[in-house]
Amino acid sequence: MAARLKKLARLFALYARMDAQWFAQDTALCLVCVLSETLSSIASVTAVFLLAVRFGGVGSMNQDEVLFMLGFYTLSTGLYNLFFNGNNTGEISRRIGRGQLDHCLIQPLPLWVQLLTEGFLPISGCQGALCGAIITAVAAGRLRLAVTLPSLLLFLLFLLASVGVQVGMRYVASLSAFTHPVGSEEISSVMGNFLTSIGYYPLGGLPHWAQGLLVTVLPAGCLSWLPSMLLLGKSPFSGAMALYPLVAVLVCGAGALSFKKGLKVYEKYGSQRYKAMGHRS
Amino acid sequence: MKQFFATARMRVKESSTFGLVNLLGGYLLRAAGTLAMLMIWRQLADGSGDLGGMTLEQLTTFTLLTTILHPMLDVRTPISSWLHEGVLIGLYQRPMGVLEQLTAMTLGGWCTHFVLLSAPLALLTPLLGGFLAPRSAWFFLSLPLAVVQGFCVDFLFGCLIVRAANMSWQIECLRGALTGLLTGAVIPFALLPGKVGQLLSLSPLGTLAGASLSLYVGTGDPALLLPAQALWTALLLPLSLFLFHKSTERMMSYGG
Amino acid sequence: MKNMARSDTRQWDTAVELHGVCKTFRQKQTGDGLPRNLLHPVYSEIRALDRVNLTIYRGEFVAYAGPNGAGKSTTFKLLCGMLGADSGTVRTCGLDPLRRRIPLMRQTGVLLGSRTELWWDHPVISSFKWKKEVWDIDEKTYARQLDLAVDMLDLGPFLHTFARELSLGQRMRADLGMMLLHDPQLILLDEPTLGLDVLAKRRMIDFLKSLHREQGRTILVTSHDLDDLTEMAQRIVMLAQGRIAFDGSLPELRAVAGSARHVTVDCPACPALPGCTHLKSEQGRHTFSFNPAMLPVGDLLAAISRLPDVRDVQLSDAPIEGVIADLYRSWKA
Numbered sequence: 001m002a003a004r005l006k007k008l009a010r011l012f013a014l015y016a017r018m019d020a021q022w023f024a025q026d027t028a029l030c031l032v033c034v035l036s037e038t039l040s041s042i043a044s045v046t047a048v049f050l051l052a053v054r055f056g057g058v059g060s061m062n063q064d065e066v067l068f069m070l071g072f073y074t075l076s077t078g079l080y081n082l083f084f085n086g087n088n089t090g091e092i093s094r095r096i097g098r099g100q101l102d103h104c105l106i107q108p109l110p111l112w113v114q115l116l117t118e119g120f121l122p123i124s125g126c127q128g129a130l131c132g133a134i135i136t137a138v139a140a141g142r143l144r145l146a147v148t149l150p151s152l153l154l155f156l157l158f159l160l161a162s163v164g165v166q167v168g169m170r171y172v173a174s175l176s177a178f179t180h181p182v183g184s185e186e187i188s189s190v191m192g193n194f195l196t197s198i199g200y201y202p203l204g205g206l207p208h209w210a211q212g213l214l215v216t217v218l219p220a221g222c223l224s225w226l227p228s229m230l231l232l233g234k235s236p237f238s239g240a241m242a243l244y245p246l247v248a249v250l251v252c253g254a255g256a257l258s259f260k261k262g263l264k265v266y267e268k269y270g271s272q273r274y275k276a277m278g279h280r281s
Numbered sequence: 001m002k003q004f005f006a007t008a009r010m011r012v013k014e015s016s017t018f019g020l021v022n023l024l025g026g027y028l029l030r031a032a033g034t035l036a037m038l039m040i041w042r043q044l045a046d047g048s049g050d051l052g053g054m055t056l057e058q059l060t061t062f063t064l065l066t067t068i069l070h071p072m073l074d075v076r077t078p079i080s081s082w083l084h085e086g087v088l089i090g091l092y093q094r095p096m097g098v099l100e101q102l103t104a105m106t107l108g109g110w111c112t113h114f115v116l117l118s119a120p121l122a123l124l125t126p127l128l129g130g131f132l133a134p135r136s137a138w139f140f141l142s143l144p145l146a147v148v149q150g151f152c153v154d155f156l157f158g159c160l161i162v163r164a165a166n167m168s169w170q171i172e173c174l175r176g177a178l179t180g181l182l183t184g185a186v187i188p189f190a191l192l193p194g195k196v197g198q199l200l201s202l203s204p205l206g207t208l209a210g211a212s213l214s215l216y217v218g219t220g221d222p223a224l225l226l227p228a229q230a231l232w233t234a235l236l237l238p239l240s241l242f243l244f245h246k247s248t249e250r251m252m253s254y255g256g
Numbered sequence: 001m002k003n004m005a006r007s008d009t010r011q012w013d014t015a016v017e018l019h020g021v022c023k024t025f026r027q028k029q030t031g032d033g034l035p036r037n038l039l040h041p042v043y044s045e046i047r048a049l050d051r052v053n054l055t056i057y058r059g060e061f062v063a064y065a066g067p068n069g070a071g072k073s074t075t076f077k078l079l080c081g082m083l084g085a086d087s088g089t090v091r092t093c094g095l096d097p098l099r100r101r102i103p104l105m106r107q108t109g110v111l112l113g114s115r116t117e118l119w120w121d122h123p124v125i126s127s128f129k130w131k132k133e134v135w136d137i138d139e140k141t142y143a144r145q146l147d148l149a150v151d152m153l154d155l156g157p158f159l160h161t162f163a164r165e166l167s168l169g170q171r172m173r174a175d176l177g178m179m180l181l182h183d184p185q186l187i188l189l190d191e192p193t194l195g196l197d198v199l200a201k202r203r204m205i206d207f208l209k210s211l212h213r214e215q216g217r218t219i220l221v222t223s224h225d226l227d228d229l230t231e232m233a234q235r236i237v238m239l240a241q242g243r244i245a246f247d248g249s250l251p252e253l254r255a256v257a258g259s260a261r262h263v264t265v266d267c268p269a270c271p272a273l274p275g276c277t278h279l280k281s282e283q284g285r286h287t288f289s290f291n292p293a294m295l296p297v298g299d300l301l302a303a304i305s306r307l308p309d310v311r312d313v314q315l316s317d318a319p320i321e322g323v324i325a326d327l328y329r330s331w332k333a
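Taken in order, these protein sequences are the chains called A, B and C.
Letter 73 of the first sequence, counting from 1, is numbered 73 in this note's numbering, and no numbers are missing.
Letter 130 of the second sequence, counting from 1, is numbered 130 in this note's numbering, and no numbers are missing.
Letter 236 of the third sequence, counting from 1, is numbered 236 in this note's numbering, and no numbers are missing.
Among these hints, one or two may not hold up.
Stated by the list, open to error - Simulated pairs of lysine-lysine, PhoX-like, Cα-Cα distance not exceeding 25 Å:
(1) A:Lys275 x A:Lys260
(2) C:Lys280 x A:Lys7
(3) A:Lys7 x C:Lys132
These aren't lab readings, by the way, just hints derived from the structure by calculation.
Same shape as in the complex, but just chain A (with noise of 0.2 Å):
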């Protein structure tokens, strides 16, 4: 155990090494980075925001708690980006319609161990978290939110839960890259978009059928709206406070199901197709 938490720690490292050389190419690189990852991050929840100015809240959250949830939501996509985004290891998809996982599978390493490791960019890929943890900090602020530690070990357990939730779905809907590698190799980028354009917005309003809906089978809603509501008090339904971990931890188990259930069939047809796009660049 000790010795796999050595590896890991040691792999982290590499691989923000790595990003760390590949960012310091050129200058013009490095800007450009920054600039079009902070403008992402902020254009996306810019026009939620919005509405919320404009219509003074939105679904039962005011203008400072709509901006506390897209902080949150900023927060965890970043974090999503920062861990997942690299080569390809949260597009899963891509990597298995286009067959590079022959490239992992001739590393002496676990898959998971290099699925978890190799997405690691910590210098080109924070922005997003940084600009999630000012607005959330600058929401937290306004809303005069009393910061403490099991406050915070919650907020953390949530954020973990939110990038659970994208990581896990998108691995469930990559199952069908393993049958169907042209048709679906973009599935895992398609539940990614599903869920981050209905992420951002607060679903307070909408009927409780649709909520529990986007809580459970499509939880768009895990993550930023269920997370806020719980961290400013507000939960939207009874038991959602236990709700929001198992759903998490369900999707994360489905998604690990799914591709070892891919795997067998990987093992059985192999890839009939390679396209080196994205691999290792």
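Based on the hints, put chains B and C in the right spot on chain A.
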């Protein structure tokens, strides 16, 4: 025209080989996203009653149209993937104009979207609280202008990606985020506070989706939007063609 | 993890063992009809390997050849644990590749010619350092293997160049160098000379030969270039339609293919040579094939000596490419 349709047909066939179940998976998720948006508008309407001068019916139609016409309002040609897939070198080896081929491939790529998502959603529009007939006939002039402008914007982003070969991913991300905010496709400009919406609606990105959609639902002013669209198209068309030809050598030298 | 790896690097004498291995794939067939493509896609079954038996011992240099679609890459993927066999057993370095993939990869080097393991947006040396970490290569081995690769493959001039800026030949050399860093005992090379120019190909072949001769590595290599393969390997295994159609040395291959020889006669007019088949005539040089078993060389030369105006005579083996092409044709028939 025979060559054009043959190329477009190849693109349609290519998508058809993906299998219905695979194609439907992606489209169902998009449809689910659209339905969730409709519910969000409904909650806004219930909460404040004021939707920036729009009725709920107009807002519903606006959002449904965004999904139904998505490929036309956010044109994506294969040029963006030139670097990785070697698309362009192949295009130069055929006895047909490069831009013509890119257009044919793009239009062919729209077919599955129209058949599998747009058509069912259009049929459902009245049931979901929207309307099918455009409120302004100017929409039929605005949409082709938006498509041409969309091609120009895509070629310009393509040229930018060619210029910054190492940053294609970053540029794609940035484009995705800006498109969501500035084209008015996700949230109608009418819902934005103050003068923000008005200013954005006349910008080169704002006229891409926002103009046609607002004319369709009857909230846009054709006297303002159509000249803006025409102006941006007149500016962007020569600029994109000029920059595309300027970038050709670089495209060919660095992978095609 | 390290302990497990050590316990699995035990000695083995048989590098590759395939016993009755079968492997079938499904392939989607598409037609013109869109509705059919969408609703009822049709699949056909491709038998990639059909009861294949193959044993390769430690220290052998084996060429693995066959026409397109014969099952060469499938064999490689089975040996690496990327695919599982439908039936039969597969052992690589004494291990079950599917179950023991990780320890197997510590002692196996795999290079698939059309794919690169290099990190595209990094200098070559960064990819090497990446491999050192991922494979847990100790300093001593890394330094030794790096020196070997740099020296023999002449990697020095582009060790600090970005992978994306390398020529194909340089990329292949860098990939080969990277493959060797963990000092693999078994080396699997799929089309390593693909697309290389004459000089780059020569360098690659010399390197592989010296790796086998001086370091005693077991090498299994595929290529479509039969001249390359026969120059490198002592043993040739040929696959056809998923079955091993030939397993032996180059002289044995020639014997199987028919011991045809060529004779080229340099004279103004194309002569008639009984027992010979005319192949071509170019600028007064006329080439014929003959079977020495049917027409002894002495009799042939005597017949040529009686011809008027003969300036030169040349006897040679039939080119291996032609021999193999005849074999492929006969297998297809």
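Hint check results:
no.: 1; hint: A:Lys275 x A:Lys260; result: holds, 22 Å
no.: 2; hint: C:Lys280 x A:Lys7; result: violated, 65 Å
no.: 3; hint: A:Lys7 x C:Lys132; result: holds, 13 Å
Hint violations for this structure: number 2 only, all remaining hints satisfied.
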